[in-house]
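> Since the structure of chain A is provided, determine the placement of chain B on it from the hints.
2 protein chains.
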Amino acid sequence: MRTPLFENTAVNAACGARILIKPEMLQHTGSFKFRGASNRVALMSTTERAGGIVAWSSGNHALAISAVAARHGIKATILMPSDAPRAKVEGAERLGGTVRLYDRATEVREEIGADIAARTRAVIIPPYDDPQVIAGQGTVGLELAEQAAALGASLDMALLACSGGGLVAGAATALKARSPATQVYSVEPAGFDDTARSLASGRPERNAPGAATLCDALMVPTPGLLTFPINRALLAGGVAVSDDEVKAAMRLVYDTLKLVVEPGGVTPLAAVLAGKVDARGKTVGVVLSGGNVDPGTYAACIGA
Amino acid sequence: MRTPLFENTAVNAACGARILIKPEMLQHTGSFKFRGASNRVALMSTTERAGGIVAWSSGNHALAISAVAARHGIKATILMPSDAPRAKVEGAERLGGTVRLYDRATEVREEIGADIAARTRAVIIPPYDDPQVIAGQGTVGLELAEQAAALGASLDMALLACSGGGLVAGAATALKARSPATQVYSVEPAGFDDTARSLASGRPERNAPGAATLCDALMVPTPGLLTFPINRALLAGGVAVSDDEVKAAMRLVYDTLKLVVEPGGVTPLAAVLAGKVDARGKTVGVVLSGGNVDPGTYAACIGA
Numbered sequence: 000m001r002t003p004l005f006e007n008t009a010v011n012a013a014c015g016a017r018i019l020i021k022p023e024m025l026q027h028t029g030s031f032k033f034r035g036a037s038n039r040v041a042l043m044s045t046t047e048r049a050g051g052i053v054a055w056s057s058g059n060h061a062l063a064i065s066a067v068a069a070r071h072g073i074k075a076t077i078l079m080p081s082d083a084p085r086a087k088v089e090g091a092e093r094l095g096g097t098v099r100l101y102d103r104a105t106e107v108r109e110e111i112g113a114d115i116a117a118r119t120r121a122v123i124i125p126p127y128d129d130p131q132v133i134a135g136q137g138t139v140g141l142e143l144a145e146q147a148a149a150l151g152a153s154l155d156m157a158l159l160a161c162s163g164g165g166l167v168a169g170a171a172t173a174l175k176a177r178s179p180a181t182q183v184y185s186v187e188p189a190g191f192d193d194t195a196r197s198l199a200s201g202r203p204e205r206n207a208p209g210a211a212t213l214c215d216a217l218m219v220p221t222p223g224l225l226t227f228p229i230n231r232a233l234l235a236g237g238v239a240v241s242d243d244e245v246k247a248a249m250r251l252v253y254d255t256l257k258l259v260v261e262p263g264g265v266t267p268l269a270a271v272l273a274g275k276v277d278a279r280g281k282t283v284g285v286v287l288s289g290g291n292v293d294p295g296t297y298a299a300c301i302g303a
Numbered sequence: 000m001r002t003p004l005f006e007n008t009a010v011n012a013a014c015g016a017r018i019l020i021k022p023e024m025l026q027h028t029g030s031f032k033f034r035g036a037s038n039r040v041a042l043m044s045t046t047e048r049a050g051g052i053v054a055w056s057s058g059n060h061a062l063a064i065s066a067v068a069a070r071h072g073i074k075a076t077i078l079m080p081s082d083a084p085r086a087k088v089e090g091a092e093r094l095g096g097t098v099r100l101y102d103r104a105t106e107v108r109e110e111i112g113a114d115i116a117a118r119t120r121a122v123i124i125p126p127y128d129d130p131q132v133i134a135g136q137g138t139v140g141l142e143l144a145e146q147a148a149a150l151g152a153s154l155d156m157a158l159l160a161c162s163g164g165g166l167v168a169g170a171a172t173a174l175k176a177r178s179p180a181t182q183v184y185s186v187e188p189a190g191f192d193d194t195a196r197s198l199a200s201g202r203p204e205r206n207a208p209g210a211a212t213l214c215d216a217l218m219v220p221t222p223g224l225l226t227f228p229i230n231r232a233l234l235a236g237g238v239a240v241s242d243d244e245v246k247a248a249m250r251l252v253y254d255t256l257k258l259v260v261e262p263g264g265v266t267p268l269a270a271v272l273a274g275k276v277d278a279r280g281k282t283v284g285v286v287l288s289g290g291n292v293d294p295g296t297y298a299a300c301i302g303a
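Each protein sequence line maps, in turn, to chains A and B.
According to numbering that gives the first Met the number 0, the first sequence is numbered sequentially starting from 0.
According to numbering that gives the first Met the number 0, the second sequence is numbered sequentially starting from 0.
The set of hints was computed from the structure by calculation and includes no laboratory data.
All C-beta atoms, glycine included, are put in the ideal place defined by N, C-alpha and C.
Treat the hints loosely; a few may be bogus.
[What the hints assert, rightly or not] To give a feel for the contact side, a few chain A residues facing chain B, derived at Cβ under 8 Å:
1) 25
2) 29
3) 101
4) 257
5) 259
6) 301
7) 303
[Stated by the list, open to error] Here are some, though not all, of the chain B residues that point toward chain A, as calculated from beta-carbon distances under 8 Å:
8) 0
9) 45
10) 253
11) 257
12) 259
13) 302
So here's chain A without its partners, still in its complex pose (with noise of 0.2 Å):
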């Protein structure tokens, strides 16, 4: 689904920008996800596809794989955290995904990935470090440049949140084609700056163990394989946000837009709203990349 771009008055009033606001949260599956996980499952081949998917997220690609793989047919099985929000665990059952929760702490994802795949010939679809899933992604950045020059607007930076990196990635990769003038920034949670620390750096940095955020979807503990070179090639920089901006962005998101956007994918607006990024004056696309949060989590960041 093409999701609209606008802009808001209040919006811009609070940000001392025009800001241009992409509402990822209404692609299906309720954010970009969807946009990769078709890409990569249209393209498998029919052997493929009668061997199943099997992919490992924090929730929204579950949600992507779970909703792609039932249109096509295909059995999907999914990892998921065993901390993940219920909305994003239930939703994968719901769209017909095989759910599998794992421990954060003491397993690894992509080794009992491989190994279901090892099993059952299942092809891996995973989050963000395979370029048919980047280039899924990509679409979101495309789609910006193509509206906002619709609009007649000159897109002087534009903000994604960052995991993996694959949103990222993509979108600076459509935008440097399109609108080279566009500083691309990456933008992560305190704690889990490990792109920003490596595009400063120049080499994949790691968080420290220990950390907690808010943003569930925004937890890797380092850039991927696929993603990092890309965006250290592309990328302006990155920064990072608290929860309690996090929270305040969602507030005026809830307040003044009318969507509903989870933790992870209102960084970019909660980074300009504390200003990590000199956005003062300038057009500014923001991508709200997603809305999977469960009900009790996002009343408590709205104030309610």
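Showing chain B alone in chain A's frame:
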């Protein structure tokens, strides 16, 4: 703002119909009311503008008039019931409106408004009984017809929330011109189904006093003087929904569409879900008319 029109697999499945959603909470000031306010204010003469505007509203018209008046540099006095949601009262003030609260039980807002207009030479812009306000709201129907046609869809029916009836009267006028086969229904809260009963009896009926509803935006006592003759001529009928049906629809919109919808704004979808119209297998336009709701109310409605 031209709001999008889209459908969602999960909503279609829940309704057993093809539901084309028009999300008017994405409109400026969070409801369709911006359309009527913009149209009416744009037609004010320079002399009229100097005298300012007086308007009355349970909330969404207040927000719309406040924002439009501020854009044009016109003073606006808004009469709002003392039990209006805080989000709406504070929002109108933040947008520059001067709010004067009245008691729904003991005061008549039309009288207070007429008195202010007589003293200040302000122009009265009522929430629905005004041809240019109705015409402005009607652009919802015009866009719905155009966007459905662009999707190759033929609308069997369209459902719109109804209070004074301006939205449904305007939208039905446009739909009957552009998509004559579409059956248009008004949707009201139980206890405030004056339009449904008036359509059935052929003459304006009044609601019994003392009813309560979650739908703060849909609490007028009787159909509008201008709107009812239009609705009597054009609508297929009117239906009503309970608070529990409203809450179930709000939760579905939260879970699947990731839109913040207010109780009154979700009534058309609630009517389809509850089987109040025979929508099964049909193509149905559903306008979600607004998203201005206090966080606490919203959290309770989505089951947080």
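> Against this structure, judge whether each hint is valid.
Taking the hints in turn, this is what the structure says about them:
{"no.": "1", "hint": "25", "verdict": "6 Å, holds"}
{"no.": "2", "hint": "29", "verdict": "5 Å, holds"}
{"no.": "3", "hint": "101", "verdict": "25 Å, violated"}
{"no.": "4", "hint": "257", "verdict": "3 Å, holds"}
{"no.": "5", "hint": "259", "verdict": "4 Å, holds"}
{"no.": "6", "hint": "301", "verdict": "5 Å, holds"}
{"no.": "7", "hint": "303", "verdict": "4 Å, holds"}
{"no.": "8", "hint": "0", "verdict": "7 Å, holds"}
{"no.": "9", "hint": "45", "verdict": "24 Å, violated"}
{"no.": "10", "hint": "253", "verdict": "6 Å, holds"}
{"no.": "11", "hint": "257", "verdict": "3 Å, holds"}
{"no.": "12", "hint": "259", "verdict": "4 Å, holds"}
{"no.": "13", "hint": "302", "verdict": "6 Å, holds"}
Checked against the numbered hints given earlier, the structure breaks hints 3 and 9 and satisfies all the rest.
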